[in-house]
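Protein chains in written order, with our numbering: chain P, 1 to 85; chain Z, 1 to 210.
These are computed hints drawn from the structure, not numbers from a lab. Cβ atoms here follow ideal geometry from the backbone N, Cα and C, with glycine treated the same way. Do not take every clue at face value.
[Stated by the list, open to error] The list that follows gives simulated cross-link-like pairs (lysine-lysine, DSSO-like), each with its CA atoms no further than 27 Å apart:
id	chain 1	residue 1	chain 2	residue 2
1	Z	144	Z	66
2	P	73	Z	24
3	Z	144	P	79
4	P	79	Z	202
5	P	21	P	79
6	P	44	P	2
7	P	21	P	45
8	Z	73	P	45
9	Z	202	P	44
10	P	73	P	44
11	P	45	Z	66
[Stated by the list, open to error] One side only, chain P facing chain Z, incomplete, derived with CB under 10 Å:
id	residue
12	1
13	10
14	21
15	22
16	24
17	28
18	32
19	53
20	61
21	65
22	71
23	78
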Amino acid sequence: MKCAEFLQELTNYLDGVLDAKTKVELENHLSWCHNCYVVCDTTKKTIEIYRDSQLYELPEDLRSRLRSAIMTKCQQHKKRGPQSI
Amino acid sequence: MNTIENKVAAVPVTEELSLVRAAKQGDDAAFEELVRRYDRNVFRIAQHITQNREDAEDVVQEAFLKAYGNLAKFQEQSKFYTWLVRIAVNEALMKLRRRRPERTVSLDEDIKTEDDSLPREIADWSPNPEQLYNQSELREILSKTIQGLPPGFRTVFVLRDVEGLSTEETAAALDLSVPAVKSRLLRARLQLRERLGRYFQKRESGDGIQ
Numbered sequence: 001m002k003c004a005e006f007l008q009e010l011t012n013y014l015d016g017v018l019d020a021k022t023k024v025e026l027e028n029h030l031s032w033c034h035n036c037y038v039v040c041d042t043t044k045k046t047i048e049i050y051r052d053s054q055l056y057e058l059p060e061d062l063r064s065r066l067r068s069a070i071m072t073k074c075q076q077h078k079k080r081g082p083q084s085i
Numbered sequence: 001m002n003t004i005e006n007k008v009a010a011v012p013v014t015e016e017l018s019l020v021r022a023a024k025q026g027d028d029a030a031f032e033e034l035v036r037r038y039d040r041n042v043f044r045i046a047q048h049i050t051q052n053r054e055d056a057e058d059v060v061q062e063a064f065l066k067a068y069g070n071l072a073k074f075q076e077q078s079k080f081y082t083w084l085v086r087i088a089v090n091e092a093l094m095k096l097r098r099r100r101p102e103r104t105v106s107l108d109e110d111i112k113t114e115d116d117s118l119p120r121e122i123a124d125w126s127p128n129p130e131q132l133y134n135q136s137e138l139r140e141i142l143s144k145t146i147q148g149l150p151p152g153f154r155t156v157f158v159l160r161d162v163e164g165l166s167t168e169e170t171a172a173a174l175d176l177s178v179p180a181v182k183s184r185l186l187r188a189r190l191q192l193r194e195r196l197g198r199y200f201q202k203r204e205s206g207d208g209i210q
């Protein structure tokens, strides 16, 4: 496997959906190609950092305000009929 | 090297579906339960796309209200959550268009060349990049970095990698083909990796944050 082919398969590899044969070829490539190993490892870290970051969490007080606004509007909609949204 | 396992955002379909069916029959408590289950997800997605807190709050309200008003049209062929995400993404993109009238914002823009995401910076990262910064600095870096991605890329990234939708669900929610989702996801991941590398690279002399 060449570096360009590794890059093509990177997303499937990180998502765990690569077929067994290609996975072996890719891991063989990673065992000797340091650059691709670093790209693979740091891409994986990128995903993990964002996934675990709790970026843009909805604070509880805002959450209940939004929920009650939504439910009030839903009830208004119900009274007015289907044309109101 | 281990692969990434996505957290599954959605609840089992049967339970979700029974809430949806009750809500369709006029049970508002059931709809409120659906709001409770997915409001945080919708808010995160909306803020990732709009990059604006007030817009994200509006999107949460408008998306649930639209879902409520159109429940009868929901055919139950996909998960309710995927259908809701689709509504929320469209609302968020509309907000973005209103804020940036000078630019066209769509999921089809930003397709330049295949080379725009090729790794240029290969330097390895510190073993624990999160520990180089405190939590608020780290959030600032992550937020600034993802803002730099074109909307079409960050939308795919947030649905797949932050919210844990499958490739197929992401494709359905965004009305894109599976290969288009995969291609954008690869490029989003590589571009974010490259940009984060500026903050997380191993320091030769161990002289800390620069």
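Given pair status - residue 45/P, residue 73/Z, alpha carbons within 27 Å: 41 Å, violated
Have a go at the residue 28/P hint: is there a Cβ in chain Z nearer than 10 Å to its own Cβ? 12 Å, violated
Residue hint residue 53/P, partner chain Z, criterion CB-CB below 10 Å: OK, holds: residue 53/P within 10 Å of chain Z, min 5 Å.
Given hint residue 45/P paired with residue 21/P - CA-CA distance at most 27 Å: 25 Å, holds
Hint check, residue 22/P versus chain Z [nearest Cβ-Cβ separation less than 10 Å]: Violated - the Cβ of residue 22/P stays beyond 10 Å from chain Z, reaching only about 13 Å at its closest.
Given the hinted pair residue 144/Z and residue 79/P, is their Cα-Cα distance within 27 Å? 44 Å, violated
So if I understand the rule, the pair passes when the alpha-carbon distance is 27 Å or less; does residue 21/P with residue 79/P pass? Not OK: residue 21/P and residue 79/P at ~60 Å, beyond 27 Å, violated.
Tell me if the straight-line CA distance from residue 73/P to residue 44/P falls inside 27 Å. Distance ~42 Å between residue 73/P and residue 44/P Cα, so the pair is violated.
Chain Z contact restraint on residue 61/P - CB to CB distance below 10 Å: 12 Å, violated
Quick one, is the residue 1/P hint okay against chain Z at 10 Å, beta carbons? Because about 15 Å separates residue 1/P from the closest Cβ in chain Z, which is outside the 10 Å limit, the hint is violated.
Does residue 32/P pass the interface hint, meaning its C-beta sits closer than 10 Å to a C-beta of chain Z? 14 Å, violated
Keeping to a limit of 27 Å between CA atoms, is the pair of residue 44/P and residue 2/P held or broken? Roughly 20 Å between the alpha carbons, so the hint for residue 44/P and residue 2/P holds.
Hint violations for this structure: numbers 1, 3, 4, 5, 8, 10, 11, 12, 14, 15, 16, 17, 18, 20, all remaining hints satisfied.
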